[in-house]
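J.: Sequence:
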Amino acid sequence: MSTSDENRPYDPIAEFCALYAHATIVVDNHLYILQGYATYVRNSRRKSGGNPHLRFINLSQTIDVARSGEFVQVVTNRTQYPENIPQVINPSLWFEDSSNQLLLSMGGTVFRQSLVLEDELNYNPGAPGELWVGTYKDNVFNDYGDNTNLFDKWGRGQLALENQTGLISSRNTFYDTTGRVGYIVGGSVNTAPTNSFITFDFNDRTWTNRTLPWGTSHGNSAMGSIFFNERLVHIHVGGYVNGSYIAMNHARIYDTETQDWYTQDITGTAPSTRGDSCTAVVSAPDGSSHQIYMFGGSMDDSRNSQYFSELWVLNIPSFTWILLDNSREGNAPSQRSAASCNIVKDHYLLVYGGKKAAVASQPAECEPDGGAAYFMDLNTLTWLDTFEGSANKSNYSVPPPISDVLGGNGYGGANLLAPPGGFENEILATIFAINGTRAINPNGTQPPGPGSTSQVPERDASPSSVPVGAIVGGVLGGLLLVALAALAFFCVRKRRKAMLLNGNTKLNGIVDDLPVGGRSELPALPEGGNYQYHLSYYKNQNSGYYQDTALGGSQGQPQVVYSYELATPGHPYAHELESPFGPGAGGSPNSATRLVVDNDHELPLPPTPPSAPQPQH
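The sequence shown lines up with residues 1 to 617 when you count with the UniProt record's numbering.
Hints may contain errors.
Calculated pairs, SDA-like style, for lysine to any residue (alpha carbon to alpha carbon, straight line, at most 25 Å) [what the hints assert, rightly or not]: (1) Lys153 <-> Lys47; (2) Lys47 <-> Asp28; (3) Lys393 <-> Asn58; (4) Lys153 <-> Ile226; (5) Lys393 <-> Gln335; (6) Lys393 <-> Asp28; (7) Lys47 <-> Ser334; (8) Lys393 <-> Asp377; (9) Lys153 <-> Gln113; (10) Lys153 <-> Ala192; (11) Lys153 <-> Ser98; (12) Lys137 <-> Gln80; (13) Lys47 <-> Val116; (14) Lys137 <-> Asp346; (15) Lys47 <-> Asn29; (16) Lys153 <-> Asn100; (17) Lys153 <-> Thr165; (18) Lys393 <-> Val116; (19) Lys393 <-> Gln61; (20) Lys393 <-> Val344.
So the derived label-pair ranges between C-beta atoms look like this [claimed, not checked]: (21) Asp265 <-> Thr430: 10 to 20 Å; (22) Arg45 <-> Asn122: 17 to 27 Å; (23) Ala358 <-> Glu120: 26 to 36 Å; (24) Ala358 <-> Gly330: 47 to 57 Å; (25) Leu159 <-> Ala358: 36 to 46 Å; (26) Thr258 <-> Arg45: 28 to 38 Å; (27) Arg67 <-> Val27: 18 to 28 Å; (28) Gly330 <-> Gln158: 28 to 38 Å; (29) Ser394 <-> Arg231: 23 to 33 Å.
Read the hints as simulated data drawn from the structure, not as lab findings.
A quick note: this is a predicted structure, and the numbers were derived from the prediction, not measured.
Every residue, glycine too, gets a C-beta built ideally from N, C-alpha and C.
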């Protein structure tokens, strides 16, 4: 083996064999794959390195799952994906459809010795607030065939982000295309978990850094984001929080309207503790239930790793776990963590990539022929041998193992509209009301919901026994109350407006003085204590729910714990590019069973973190 051969960049096709801690997004029937840790094979040795190439799969074609690696295309044209985009893991990858732009930010920086660079001068460690924007071009003709969608015209925007000392690696991100706001919950800076809660407002191009009230997090919980009556909520379960993996029978819920955190117990047999699973959300056609599908994950310490291959579903608003699959047969993906999950063509779950290794610090084991795309038909809960991307599109149907528990059928019509024990907070009952109807304890009287209308097929409807006169009287009385409430609101608003025009910003006691950011301060986090202790503390201090607050003043140093293959500190990057916002703003590698593991490019084994609960199977 010559020195020149050893030092040349890895071939992104011939030597590539696995990818994890990456980011994916589906745009116009194409799965785009960016960043992450790749495993490369050279001279029968397996090593980890960055992934400096844009990869994509055309989902309009027929894909043989056993040969899925052959359907992954690699963009080597540096005009369409510049080499000086930072190589990171677990970045935030969003798409802004109003401007046809791909937004790439954050992520943990890849070790310098693990970088894959054609030109060392293009090395860019990135910086907090740095936002890379690629403009999307539809139906362009290029080297990859007609009707292929690609991003080009990349530019960099350096936007201010206060109270953030380094790039943050988090798998818990979401972009609200309606409000044009991105969310990054928790995550790691270098090897330290943070308590940061970062949002990006695309409308005014600003970052905001808030603090999580429940402590530090690696940003590797199971997360699902759902709209209820046009109200966005984020649901988090499990993950590595405050120094240990926490149980999967408890949800942390963020309401974007009130900017408050709440908690809710989950029923059903829960998955074993884990982090780094992947999730995707689908809703019943009638909106009576929402499914957060969760695949895989792992629980690691410094010496051993346990990987999972189950497919679970967390049903909302009943907050009920159901195990759907753990077959590991046929073309089902093996145990893995840090994969990506996407819903394609309404009812297919696409799992791409992921890591499995005997020891957390080792490179990921290779996928057969470098392929790592797996498809499940959620309507039948079947892992596919062949994905027919050209077939006519059909709708999602709630599968029987779920409707058998929730009630209803494939169209929806769920009867279980709240947790069996009720919601822990009245505000949660309001947030998770179906179609504006307040969901109550399902052990009591059921409220009217979408299942009681003619829109739900095969749903029995009994005639009402309430007299017509009572109904009419109730309707008229309700209209009178609404009119009186509207009149009172108008009078108060008119008075407030007049006082503001007269320069009276305090409104004579109608609005009290607000602290910075319009939020009240959280009580100080008590010293020591595990997640459950902090949970109880905040529930006691905040009447059963958490309250968010903008960062003000100095914050305590984050608790240092260890995480595998995370980044070294970055440095400022001075190379200027065109602002994305305008002025002012091969061959197949050898089988893994014949490989010699080389840890030259890996982190040394860290000390063992605090003990965590052992999983139960």
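J.: Now tell me if each hint is right for this structure.
T.: Hints, verified against the model:
1. Lys153 <-> Lys47: This hinted pair is violated, its Cα atoms lying about 32 Å apart.
2. Lys47 <-> Asp28: Status violated; Cα separation ~34 Å.
3. Lys393 <-> Asn58: 15 Å, holds
4. Lys153 <-> Ile226: With a Cα-Cα distance of about 32 Å, the restraint between Lys153 and Ile226 is violated, given a limit of 25 Å.
5. Lys393 <-> Gln335: 30 Å, violated
6. Lys393 <-> Asp28: Satisfied, since the Cα-Cα distance of roughly 13 Å is no more than 25 Å.
7. Lys47 <-> Ser334: At roughly 21 Å apart (the allowed maximum being 25 Å), Ser334 and Lys47 satisfy the hint.
8. Lys393 <-> Asp377: The hint holds at about 12 Å.
9. Lys153 <-> Gln113: Distance of about 29 Å is beyond 25 Å: violated.
10. Lys153 <-> Ala192: 34 Å, violated
11. Lys153 <-> Ser98: 17 Å, holds
12. Lys137 <-> Gln80: 10 Å, holds
13. Lys47 <-> Val116: 11 Å, holds
14. Lys137 <-> Asp346: 24 Å, holds
15. Lys47 <-> Asn29: At roughly 32 Å apart (the allowed maximum being 25 Å), Asn29 and Lys47 break the hint.
16. Lys153 <-> Asn100: Measuring from Cα to Cα gives roughly 12 Å; hence the hint holds.
17. Lys153 <-> Thr165: Since the Cα atoms of Lys153 and Thr165 sit roughly 29 Å apart, the hinted pair is violated (cutoff 25 Å).
18. Lys393 <-> Val116: 39 Å, violated
19. Lys393 <-> Gln61: Given that 25 Å is the threshold and the Cα spacing comes to 13 Å, the pair holds.
20. Lys393 <-> Val344: 10 Å, holds
21. Asp265 <-> Thr430: 10 to 20 Å: For Thr430 against Asp265, whose Cβ atoms are near 18 Å apart, the range 10 to 20 Å holds.
22. Arg45 <-> Asn122: 17 to 27 Å: 25 Å, holds
23. Ala358 <-> Glu120: 26 to 36 Å: Roughly 33 Å apart at Cβ, these two residues keep to the hinted range, so it holds.
24. Ala358 <-> Gly330: 47 to 57 Å: 25 Å, violated
25. Leu159 <-> Ala358: 36 to 46 Å: 41 Å, holds
26. Thr258 <-> Arg45: 28 to 38 Å: Distance hint for Thr258, Arg45 is violated at roughly 53 Å.
27. Arg67 <-> Val27: 18 to 28 Å: For Arg67 and Val27 the Cβ distance comes to about 24 Å; the hint holds.
28. Gly330 <-> Gln158: 28 to 38 Å: 48 Å Cβ-Cβ, so the 28 to 38 Å window is violated.
29. Ser394 <-> Arg231: 23 to 33 Å: With Cβ atoms ~29 Å apart, the hint holds.
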